[in-house]
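Colleague: Sequence:
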Amino acid sequence: LGESSKVATSKMITSDHDSFELIFMMLMGIRTAVGKFASKELPAEMGPAEFNQNWEGDFLASGTPETPAHSHSDYRFKEYSPLIFRQLRERFGISSQDYMLSLTSEYVLVEMFTNSKSGSFFFYSADYRFVLKTCTKREAAFLMSALPPYHQHLMSHRFTLLCRFFGLHRVQQRSGKVVYFVVMGNIFPIDKPVHERFDLKGSTRNRFTTDTERADPNVVLKDLDFINAKRKLQLGEDKKRRLLAQVKKDCELLERLEVIDYSILIGIHRAGA
Numbered sequence: 004l005g006e007s008s009k010v011a012t013s014k015m016i017t018s019d020h021d022s023f024e025l026i027f028m029m030l031m032g033i034r035t036a037v038g039k040f041a042s043k044e045l046p047a048e049m050g051p052a053e054f055n056q057n058w059e060g061d062f063l064a065s066g067t068p069e070t071p072a073h074s075h076s077d078y079r080f081k082e083y084s085p086l087i088f089r090q091l092r093e094r095f096g097i098s099s100q101d102y103m104l105s106l107t108s109e110y111v112l113v114e115m116f117t118n119s120k121s122g123s124f125f126f127y128s129a130d131y132r133f134v135l136k137t138c139t140k141r142e143a144a145f146l147m148s149a150l151p152p153y154h155q156h157l158m159s160h161r162f163t164l165l166c167r168f169f170g171l172h173r174v175q176q177r178s179g180k181v182v183y184f185v186v187m188g189n190i191f192p193i194d195k196p197v198h199e200r201f202d203l204k205g206s207t208r209n210r211f212t213t214d215t216e217r218a219d220p221n222v223v224l225k226d227l228d229f230i231n232a233k234r235k236l237q238l239g240e241d242k243k244r245r246l247l248a249q250v251k252k253d254c255e256l257l258e259r260l261e262v263i264d265y266s267i268l269i270g271i272h273r274a275g276a
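Counting from 4, one number per residue, gives the positions in the sequence shown under my numbering.
Just so you know, the hints here were simulated from the structure itself, not pulled from any lab data. Computed from a prediction, not measured in an experiment: that's the story for all the values here. The beta carbon of each residue, even a glycine, is placed where N, CA and C say it ideally should be. Any given hint might turn out to be false.
When the alpha-carbon atoms are kept at most 30 angstroms apart in a straight line, the in silico DSBU-like pairs for lysine-lysine are as follows [as the list claims (entries may be wrong)]:
hint, residue 1, residue 2
1, Lys251, Lys204
2, Lys204, Lys243
3, Lys43, Lys140
4, Lys140, Lys81
Taking CB as the label site, the calculated pair distances span [as the list claims (entries may be wrong)]:
hint, residue 1, residue 2, range
5, Ser98, Phe145, 42 to 52 angstroms
6, Asn231, Gln100, 16 to 26 angstroms
7, His272, Ala52, 38 to 48 angstroms
8, Lys43, Gln176, 45 to 55 angstroms
9, Ile271, Glu240, 13 to 23 angstroms
10, Glu114, Lys140, 44 to 54 angstroms
The whole structure should be built from the sequences, with the hints applied where relevant.
Modeller: Quick look at the structure:
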């Protein structure tokens with residue numbers, strides 16, 4: 004999952020945005036929860052206690068001994084498996100301090116406009132390193148059930164092509180509305196524009212974009228577009244072997260988890276363009 008950085012399909016969320024208060028709740032919750040577990044010693048081996056561990060806090064406008072005061076409505080925040088996700092972040096070189104700095108230094112996110120059929124909302128962190136995506140309760144429950152094998156896989160395979168989940172959270176607003184969301188790594192580099200994006204499923208059935216869709220410079224192209232453009236990945240024998248070996252290992256995990264709707268996202272940067 005990802006989109007190129009700083010493209011026309013995104014805009015900074017300001018105080019007049021419908022989601023501004025929700026974004027504030029998300030980010031203050033993350034900052035508080037991640038900070039609480041930043042200095043805790045990680046066990047030598049993660050077990051059921053760490054996978055089942057959650058933290059919940061009431062964020063009252065007046066503040067509490069555990070949570071800061073703020074100028075928005077009261078809400079409740081839940082952090083799932085904080086030590087597990089912290090270890091996953093650190094596995095990929097992301098300290099708690101860097102994570103909080105990227106997400107919460109200014110309490111600002113960038114809205115991402117997508118053609119996702121899921122109905123989810125996507126947001127970039129202000130520095131475009133991370134993507135926040137809302138999800139359903141069912142999707143959150145599935146991630147939690149899959150977390151032990153997923154965690155083991157990412158800890159064992161640093162060069163996995165699977166989406167890197169760095170946090171799972173829940174916001175419960177005073178109105179009773181509940182929002183689940185995940186934080187993921189943005190797979191595309193933040194210092195280079197991505198000129199073409201392909202979402203490849205390994206199928207050709209209805210896997211093409213229309214002329215109207217292709218007129219959008221930020222369109223995500225599909226399998227038949229890749230084939231018709233005679234695109235190929237020129238990797239060399241060694242990188243080809245390693246890529247196919249990693250894809251095989253990643254797909255074996257997805258098969259065990261009975262996940263069938265997945266694809267590989269490819270971004271192409273044209274040097275000198």
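Colleague: Can you list which hints this structure breaks, lowest number first?
Modeller: Going through the list in order, the structure violates hints 5, 6, 8, 10 and respects the others.
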